[in-house]
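Peer 1: This is what each chain is made of:
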Amino acid sequence: MTTARPELWEEQARNRRATAFLIIAFIALLVVLGFGFDLFLMGARADRGGATVPFIPIAAPIALLVGGLQAVGGYYGGASAVLASSRARPADPSDPREQTLLNVVSEMRLASGLPMPKVYVVPDADPNAFAVGRDPEHAAITVTRGLLEQLDREELQGVVAHEMGHVRNLDIRTMTLVAALLGSLVLLSDFAARSIRFGGAGGARGGRGGSRRGGEPLIILFFVVWIALVLLTPFIGQMMAFAVSRSREYHADASAAEFTRNPIGLARALRKIEAAAAPTTAIGRGSAHLCIADPRGRAVNEREGRVASLFATHPPIAKRIAILESMAGARA
Amino acid sequence: MGFLLVFALVPLLVVAWAIGLYNGLVRLRVQVESAWKQIDVQLKRRHDLIPNLVNTVKGLMKFEQETLGKVMEARAKAVGATTVAEKSAAESALSQSIGRFLAVVENYPDIKSNQSVLKLQEELTTTENQIGFSRQHYNDLVMRFNTQQQIFPASLVAGMFGFKPAEFLQIEAGERAVPSVDLSLT
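Chains as they are written, first to last, in my numbering: chain C, 1 to 332; chain Y, 1 to 186.
Bear in mind the hints are in silico, worked out from the structure with no lab data behind them.
As the structure is a computational prediction, the values presented were derived from the model and not from experiment.
Mixed in with the good hints there might be a few duds.
[As the list claims (entries may be wrong)] DSSO-like mimics (lysine-lysine), calculated; alpha carbons at most 27 Å apart, straight line: (1) Y:Lys112 to C:Lys118; (2) Y:Lys119 to Y:Lys164; (3) Y:Lys77 to Y:Lys164; (4) Y:Lys164 to C:Lys272; (5) Y:Lys87 to Y:Lys37; (6) Y:Lys62 to C:Lys272; (7) Y:Lys70 to Y:Lys119; (8) Y:Lys58 to Y:Lys37; (9) Y:Lys44 to C:Lys118; (10) Y:Lys119 to Y:Lys62; (11) Y:Lys37 to C:Lys118; (12) Y:Lys87 to Y:Lys77; (13) Y:Lys164 to Y:Lys37; (14) Y:Lys70 to Y:Lys87; (15) C:Lys272 to C:Lys118.
[Said to hold, decoys possible] According to the in silico footprint, chain C covers these stretches of chain Y (three or more CB under 8 Å from chain C): (16) 44 to 52; (17) 129 to 143.
[To be verified] Across the chosen pairs, the derived CB separations fall in these ranges: (18) Y:Thr82 to C:Ile27: 57 to 63 Å; (19) Y:Pro165 to C:Gly329: 27 to 33 Å; (20) Y:Arg45 to C:Ala25: 43 to 49 Å; (21) Y:Phe3 to C:Arg194: 36 to 42 Å; (22) Y:Glu66 to C:Ser80: 49 to 55 Å; (23) Y:Thr82 to C:Asp135: 40 to 46 Å; (24) Y:Pro165 to C:Ala20: 29 to 35 Å; (25) C:Glu137 to Y:Trp17: 39 to 45 Å; (26) Y:Phe152 to C:Leu232: 57 to 63 Å; (27) C:Ala20 to Y:Trp17: 34 to 40 Å.
Glycine residues also receive a C-beta, built at the ideal position from the N, C-alpha and C atoms.
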């Protein structure tokens with residue numbers, strides 16, 4: 001087995017495209033929200049009475065700036081916040097199981113050619129794992145105590161390889177950014193919704209008295225769409241975060257198979273993790289998308305239906321196992 | 001004016017693009033070299049570990065002195081090897097002797113449950129795995145480096161600056177079998 005399987009690369013390329021699209025959509029949403037705010041609440045388009053005042057967007061750049069600042073904040077502070085909130089402690093080499101974990105992480109860092117990440121253990125009986133950090137040099141891999149106790153070495157290797165996949169593919173960075181973008185989207189839409197309520201349709205907000213009624217049908221249409229966006233943004237953003245997370249799980253599974261050359265190890269681990277479907281209480285809702293399996297232990301992740309898919313942070317485990325097994329089959 | 005701009009821009013873009021390809025190739029070459037060094041680091045680590053590990057279980061495994069002795073012997077040969085061919089033969093013999101030792105331990109359930117034996121098993125397994133995975137990573141990088149050199153248009157840049165394909169490491173069948181020794185935790 002001296003060559004990486006080509007199908008692994010294909011899978012990665014497909015996932016990368018999907019993710020790029022989702023992130024662009026995220027940014028577009030920010031921009032549209034900002035422009036709509038300019039247009040309808042700040043009265044930037046005050047062209048009534050013939051005198052066309054040039055359109056100067058104020059809210060749009062502010063929206064982008066706030067989003068950017070929040071991303072920077074999350075970029076540097078997000079990882080330690082997640083680790084602290086899940087009560088993670090550094091792995092202890094004097095404990096045999098945690099020594100094995102450290103060894104397995106070292107094996108996977110060699111297989112991936114990445115620097116050695118920090119290794120943490122969460123005292124929780126439910127098997128789960130996640131990776132955080134702003135880049136591979138500052139990455140941390142965390143597993144629960146339950147994972148160490150329930151998986152054998154080969155399975156643990158699969159899970160660690162999956163997390164190293166998240167590190168190598170820079171998912172850890174993207175997920176931090178997505179979380180920050182989501183935060184700012186929710187913040188902005190909340191702000192816009194309040195402004196609509198308080199400012200009213202003929203609000204006296206803005207120095208130019210941007211009261212506008214009537215107008216071209218196109219503007220009205222945009223206004224309706226914008227209001228809908230303002231109200232729905234928290235949900236749309238949430239779904240996007242979930243979708244990004246879902247495609248990345250397949251991606252990391254593919255990387256794990258590439259590192260270990262043993263997709264079956266991870267497939268077996270996923271089966272065990274699924275069987276222990278109790279919620280991982282130590283890991284909060286906000287970090288759900290980081291985990292190898294949904295820590296909320298929700299049934300929503302087990303179905304592939306359309307509505308269920310929209311709200312799940314993770315793809316159905318059965319589907320992931322099937323893909324991993326087909327990789328193993330393709331090699332035989 | 002517009003024409004002149006285009007005439008000036010096109011060569012600039014081509015050069016910038018060629019620089020990008022060149023840098024990509026250099027980066028891969030550096031990665032291949034450091035992956036090669038990493039294998040040596042791991043082999044050295046194994047040489048350093050074995051005497052200590054064997055000493056900790058010597059007393060417990062009196063009846064398997066021969067297997068342990070063979071591991072030490074193979075280690076001595078690997079440390080003493082000078083030429084590349086000698087080295088690779090000695091290292092793979094060492095891997096095989098460790099594999100045999102791990103298989104033998106499986107035959108003694110009472111010994112297998114001993115803490116220091118378990119620790120030894122784990123250390124040997126991870127050492128073998130770490131060597132195996134460093135080699136795998138080296139070969140992965142060699143494949144990417146060599147492919148990159150052959151793909152047009154990077155092949156033009158590779159040819160111009162005399163990039164040469166790197167050599168794959170042959171991984172022997174006996175050696176590859178080692179990580180599959182099942183050492184279940186549960």
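Peer 1: All hints are to be evaluated individually against the structure, with a verdict given for each.
Peer 2: To see whether the hints hold, each was checked on the structure:
1. Annotation: proposed proximity of Lys112 of chain Y to Lys118 of chain C is violated, straight-line Cα distance about 30 Å (limit 27 Å).
2. As the CA atoms of Lys119 of chain Y and Lys164 of chain Y are separated by approximately 44 Å, the hinted pair breaks the 27 Å bound.
3. Taking the CA atoms of Lys77 of chain Y and Lys164 of chain Y, the gap is about 33 Å. The hint is violated against a cut of 27 Å.
4. For the proposed pair Lys164 of chain Y and Lys272 of chain C, the alpha carbon gap of about 47 Å is over 27 Å, so the pair is violated.
5. For the hint linking Lys87 of chain Y to Lys37 of chain Y, the alpha-carbon distance of about 15 Å falls within 27 Å, and the restraint holds.
6. Among the hinted pairs, Lys62 of chain Y with Lys272 of chain C is inconsistent with the structure: their alpha-carbon atoms are about 39 Å apart, more than 27 Å.
7. Proximity of Lys70 of chain Y to Lys119 of chain Y is assessed by CA-CA distance (about 20 Å); at most 27 Å being required, the pair is judged to hold.
8. Proposed proximity of Lys58 of chain Y and Lys37 of chain Y is contradicted: the alpha carbons are some 32 Å apart, above 27 Å.
9. A hinted pair counts as satisfied when its Cα atoms are at most 27 Å apart, and Lys44 of chain Y with Lys118 of chain C qualifies at roughly 24 Å.
10. Between Lys119 of chain Y and Lys62 of chain Y the alpha-carbon distance is near 18 Å, which keeps this suggested pair within the 27 Å criterion.
11. Of the pairs offered as hints, the one joining Lys37 of chain Y and Lys118 of chain C holds, with about 23 Å between alpha carbons and a cut-off of 27 Å not exceeded.
12. At roughly 8 Å between alpha-carbon atoms, Lys87 of chain Y and Lys77 of chain Y fall within 27 Å of each other, so this suggested pair holds.
13. As the CA atoms of Lys164 of chain Y and Lys37 of chain Y are separated by approximately 19 Å, the hinted pair is consistent with the 27 Å bound.
14. A C-alpha spacing of about 17 Å is found between Lys70 of chain Y and Lys87 of chain Y, which places the hinted pair at or below 27 Å, so the restraint holds.
15. Straight-line distance between C-alpha atoms of Lys272 of chain C and Lys118 of chain C comes to about 25 Å, which keeps the hinted pair within the 27 Å bound.
16. Figure legend: the segment 44 to 52 of chain Y, annotated as covered by chain C; annotation inconsistent (0 residues with Cβ-Cβ distances under 8 Å, at least 3 required).
17. Only residues whose beta carbon comes within less than 8 Å of a beta carbon in chain C count, and the segment 129 to 143 of chain Y has 10; three or more means the coverage holds.
18. Between Thr82 of chain Y and Ile27 of chain C, the C-beta spacing of about 59 Å keeps the proposed range 57 to 63 Å intact.
19. At about 31 Å, the CB distance of Pro165 of chain Y to Gly329 of chain C agrees with the hint of 27 to 33 Å.
20. For the pair Arg45 of chain Y and Ala25 of chain C, the supplied restraint of 43 to 49 Å holds, since their beta-carbon distance comes to about 47 Å.
21. For Phe3 of chain Y and Arg194 of chain C, the hinted distance range of 36 to 42 Å is not satisfied, since their beta carbons lie about 55 Å from each other.
22. Range check, Glu66 of chain Y to Ser80 of chain C: Cβ separation about 53 Å, and the 49 to 55 Å hint holds.
23. For Thr82 of chain Y and Asp135 of chain C, the hinted distance range of 40 to 46 Å is satisfied, since their beta carbons lie about 41 Å from each other.
24. Separated by about 32 Å at the C-beta atoms, Pro165 of chain Y and Ala20 of chain C satisfy the suggested range of 29 to 35 Å.
25. Distance hint check: the CB atoms of Glu137 of chain C and Trp17 of chain Y are about 29 Å apart, inconsistent with the given range 39 to 45 Å.
26. Roughly 48 Å separates the CB atoms of Phe152 of chain Y and Leu232 of chain C, a value that falls outside the hinted 57 to 63 Å.
27. Range check, Ala20 of chain C to Trp17 of chain Y: about 21 Å between beta-carbon atoms, so the 34 to 40 Å window is missed.
Consistency note: the structure conflicts with the earlier hints numbered 1, 2, 3, 4, 6, 8, 16, 21, 25, 26 and 27.
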